[in-house]
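Please dock the two separately framed chains into a single complex, following the hints provided.
What follows is each chain in one-letter form.
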Amino acid sequence: MTHSHLVWAGLWRKPARTLFTLFSIAVAFLLFGLLQGVNAWISGLTAGAHADRLIVVSRVSQIEPLPIAHLQKIEQLPGIRRATFVGAFSGVYQSRGNDVLVYATDPQAVFDIYPEWRIAPDQLRAMTTTRTGAIVGEVLMKAYGWKIGDRLPLTSSVVKQDGSSEWDLEIVGTYDVEGSPSQANRVIINYAHFDEARQFEKGRVFAFIVSIDDPVRSAPMSAAIDALFANSSDETQTQNEAEYAQAQLRQIGDIGAMVNAIVGAVLFTLLFLTGNTMMQSVRERIPELAVLKVIGYSDAMVTALILVESALLCLVAALLGLAFAAAVFPVTASLGIGGGVLPSSVIVSGVAIALMLALVSGLPPARRVQRLTIVDALAGR
Amino acid sequence: MSEIVSLKNVTKYYTRGSQRVEVLRDLSLGIQQGEFVAVMGPSGSGKTTLLNLVAGIDTPDEGEIVVAGESISTYSSKELARWRARHVGFVFQFYNLMPLLTAEQNVELPLLLANLCNTQRAAHVRAALQLVGLADRGSHKPTELSGGQQQRVAIARALIADPTLLVCDEPTGDLDRQMAEQILNLLQIVNRDHGKTIVMVTHDPKAAERATRQLHLDKGQLIDAGTRAAA
Chain A
1 MTHSHLVWAG
11 LWRKPARTLF
21 TLFSIAVAFL
31 LFGLLQGVNA
41 WISGLTAGAH
51 ADRLIVVSRV
61 SQIEPLPIAH
71 LQKIEQLPGI
81 RRATFVGAFS
91 GVYQSRGNDV
101 LVYATDPQAV
111 FDIYPEWRIA
121 PDQLRAMTTT
131 RTGAIVGEVL
141 MKAYGWKIGD
151 RLPLTSSVVK
161 QDGSSEWDLE
171 IVGTYDVEGS
181 PSQANRVIIN
191 YAHFDEARQF
201 EKGRVFAFIV
211 SIDDPVRSAP
221 MSAAIDALFA
231 NSSDETQTQN
241 EAEYAQAQLR
251 QIGDIGAMVN
261 AIVGAVLFTL
271 LFLTGNTMMQ
281 SVRERIPELA
291 VLKVIGYSDA
301 MVTALILVES
311 ALLCLVAALL
321 GLAFAAAVFP
331 VTASLGIGGG
341 VLPSSVIVSG
351 VAIALMLALV
361 SGLPPARRVQ
371 RLTIVDALAG
381 R
Chain B
1 MSEIVSLKNV
11 TKYYTRGSQR
21 VEVLRDLSLG
31 IQQGEFVAVM
41 GPSGSGKTTL
51 LNLVAGIDTP
61 DEGEIVVAGE
71 SISTYSSKEL
81 ARWRARHVGF
91 VFQFYNLMPL
101 LTAEQNVELP
111 LLLANLCNTQ
121 RAAHVRAALQ
131 LVGLADRGSH
141 KPTELSGGQQ
151 QRVAIARALI
161 ADPTLLVCDE
171 PTGDLDRQMA
181 EQILNLLQIV
191 NRDHGKTIVM
201 VTHDPKAAER
211 ATRQLHLDKG
221 QLIDAGTRAA
231 A
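These protein sequences, in sequence, are chains A and B. Going by my numbering, the first sequence opens with residue 1, and the numbers climb by one from there. Going by my numbering, the second sequence opens with residue 1, and the numbers climb by one from there.
Bound conformation, chain B alone (with noise of 0.2 angstroms):
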């Protein structure tokens, strides 16, 4: 397998006022292609700050982001940009789906970036939505959807362009636990029989095991098993 996330020495300041936070501190991770990685850690560790910069909606402080070959973070805004529609999709805790806009028509906003023709665009949204088993609610808004399909809604939207990461912000965060391993079931079908490459903040210890491994973060830093035991 080769290294599809590689983060060196890597940090990252917040500004809040006229406080200046060290979020993560010189921070090296690797990825494999086709891992599927749980983050772990307590509130304020900086968990989602790591997955924002892995997705290219931020950028680091200090050291070197290199993600699917490319080293992304002296990449402009508008080079980000079109970055992370060629390599990333991002599923969010809340959903974040578009609330005027069909199920279909939210999974095919990536698409309409893509030098694709209507045909095709519909092809590829009846597959995705196909893939998380709401083929049938293509044309259903986000309103008359429960949370979890509109979770499911979120993930196809972020399958659809064919990212090389998937990147996930709790996406079980907001869910009843019964939702919550029907996502995580998708996921792991994603990590499992599509070779997606899979990023996951989370903070429940059940979403996690079925990842394929598992880093905790504290206070910016990652901690490995045993120091984590003995904490």
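The following block holds chain A by itself, in its conformation from the complex (with noise of 0.2 angstroms):
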């Protein structure tokens, strides 16, 4: 036997209650790895933008289209390397819930732009020669089990000529963003069957994504720009990437604050949850922690006792909760607001918010212990 046989024991002592306890951290961990997850997610997606590509939207609205021809004003301005257009609607697979984010542009020139989507070159070509070919972001693909070769029917709001809003697509390619793979999320389709195919808006397009020689000069090409198209009916607004994902984020609120405050929440109630099981745990052992005083074990020993104790509860039942939100963080992807890999970081805090749950919610029973007189203890009081 060791003194870890008697912190087990300890810990046992009521499996019910250690088992409900536990099953609470672990609750509270899982929540607290996706939220994290997800927060970690959104501030990748600004930390991974770069400030040598621009977003041209409409002045007036993010959702106000934008003529096709103000490309060509565009790709004539100096500095400017490359620059195309996007059509963007979203579509929904088999059934509500199941929606993609589609993007019609000319896929040649976006992954020019976009060196970091990895694409196989024949597929990419397959594009040009299947006017409905789609390229499919490797998280859909593998959330959805497509492969290349598959029918990819989507139901939109974008109306046909035909009067239908069934959009019928084959699969070409697939893609996957290198060092973001959670961003590969989204399907590519030939802007000219779209645009074709569809019964309004036509030769309009929802943005236009630039890249430019000189990411310093962001601020005056932006400004160039907009005053292509200063004093007309179609006006527009150039931010580089980061500035147009934090723009974007802004939209729905401080998530960060929001994620943080409900996180904070959780955790606060589960140190009184802890503290209480702990508090009562080690009023029901006053007696047999006096015993071990009596036998020769110090104050100090029994308080270390009791914070392993409570360590070791936190602890296993925050590694559960984060295994599983790693193991579920991957399926957030489905809902657009996550996906990927847990980051380690929210594993890391984690453990360290844990084993500050188990520090401050076993300080005030192991003070008790530490004070407790042993012929007090023995009679009981």
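Hints were generated in silico from the structure; no laboratory data involved. Wrong hints could be hidden among the right ones.
Interface residues of chain B toward chain A, partial, derived using beta-carbon atoms under 7 angstroms [what the hints assert, rightly or not]:
hint : residue
1    : ASN52
2    : ILE57
3    : SER77
4    : ALA85
5    : PHE90
6    : ASN96
7    : LEU109
Fair warning: this is a prediction, and the values are worked out from it, not measured in the lab. Where a beta carbon is used, it is the ideal one built from N, C-alpha and C, also for glycine.
Spelled out as structure tokens, the structure:
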């Protein structure tokens, strides 16, 4: 026998209580893992943004389409490396909830502008020969079990010439995003096919994506693009990718603060739950702990036993919760708010919080045990 | 025989609410090595307090206590803990075993503080359980043992670290007569054959008869045989 047996025995003195506490902490850390994972994913969105890429949208509203003719003027500006247009819509695969974001664009130009988006050259070439072709991000391919050659029927609010809203596509390729695999979550189709087939808004696009030669000049280049269309009926607002991502996120509020508030509230509640469990557990064992002191255990040793017990309970439960969060996190990609691998920083901070939780919740009962006089404890006082 | 326990002018108070109660008053006592001393007296006479002081789990307000050559009255809590691990084995009235540990593990507990390897500890545990006649019950948990068996496990736990002094607080108080006799026989063996000094608090005159000396406490003071007869 070692002291670990003693800790283990103390922990399982009331198995039901320990299991319920373990379960509560595990669920809290599952929530912590998922929410912090989403938080990290959002931070990654802006962190991975490139300053040498500009997004041009309508000055009136981000959903107001712009004429495709703007592209020609943009391309003529000095300092522009490559530019293309993007029409976007949300497609539903089979049933509601299976929403995918579809980019109607010039695939060759898009993959030039986004060098971190990786695709096999023959698959990219297949887009030029297959008018209804689609290149699908790895995240979606895995989530829906699609493979190259599959038909991809999508329902959309974009009405076609024939009056239907069914877009029948064919998967000809797949791509992933280097360094940020969770962002490979779009379907890319030929703009030519899209524009020809749709009934309304022909010749108009949702945005232009522009790659510039010098990232340091993103601000003057943005201003120059906006100046091209100033006082026209289709004025533009140009931002670099990072500014654009931040503006998008601001529209739905400060997600980081919201997530931290929720996690904070959960952990605060958990503190009382764990603290109460440890207090109860120690209260029931006062005579046993007194016996340990009689045998020769010092106050510090008995205190350490209680703290280790608290740490073990919190750590095991937190690791269970975080492991489950890591297993579930990739699935969040289908909700469009995460996906990929749960960042290790989330796991590390989770473990650190679990240890802090153990310390804070274990300290009051440990202090009580430390101050316990043997005579009073044995007398049941 | 040398004196193993020496109390000189020991006084102990307890504070209960606003009241200060004198439990032991100016008590002096010597116990020789190898003695089996029974401490008797009415409830509230200070028997358990005396035992606690001798065992180093409480400290006197006045006077000096020397046990095994060490003056423990001024020891800090940490020093007392270390001293108890070396010198004292304690047997409680209600056994006070760890309910989730087996008999073997309960007996082994004090050895976790000693610098012994697993094999050495296991050998000591076997020997201690054999001494109390429970070699075959080592894997049983306290709830699977009778009261008498639990008390024997407690005695094995008290003896395992080979303490200088065995201190027993009403060791037969929770047992029927037959079980009590078995425990008293065992304590006599430990005292007679193994030379252990035993200090035992008891209410039971039959148990006290097994001791080599009887002490009587009343109102915090020792009274001699003559005084007791007159009383």
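Going down the list of hints, with the structure as the test:
1. ASN52: Since chain A brings a Cβ to about 6 angstroms from B/ASN52, closer than 7 angstroms, the hint holds.
2. ILE57: Holds: closest Cβ of chain A sits about 4 angstroms from B/ILE57, inside 7 angstroms.
3. SER77: Holds: closest Cβ of chain A sits about 6 angstroms from B/SER77, inside 7 angstroms.
4. ALA85: holds (3 angstroms)
5. PHE90: Since the shortest Cβ distance to chain A is 5 angstroms, the answer is holds.
6. ASN96: With a closest approach of 5 angstroms, the B/ASN96 hint holds.
7. LEU109: This hint holds: B/LEU109 lies near chain A, its Cβ roughly 6 angstroms from the closest one there, short of 7 angstroms.
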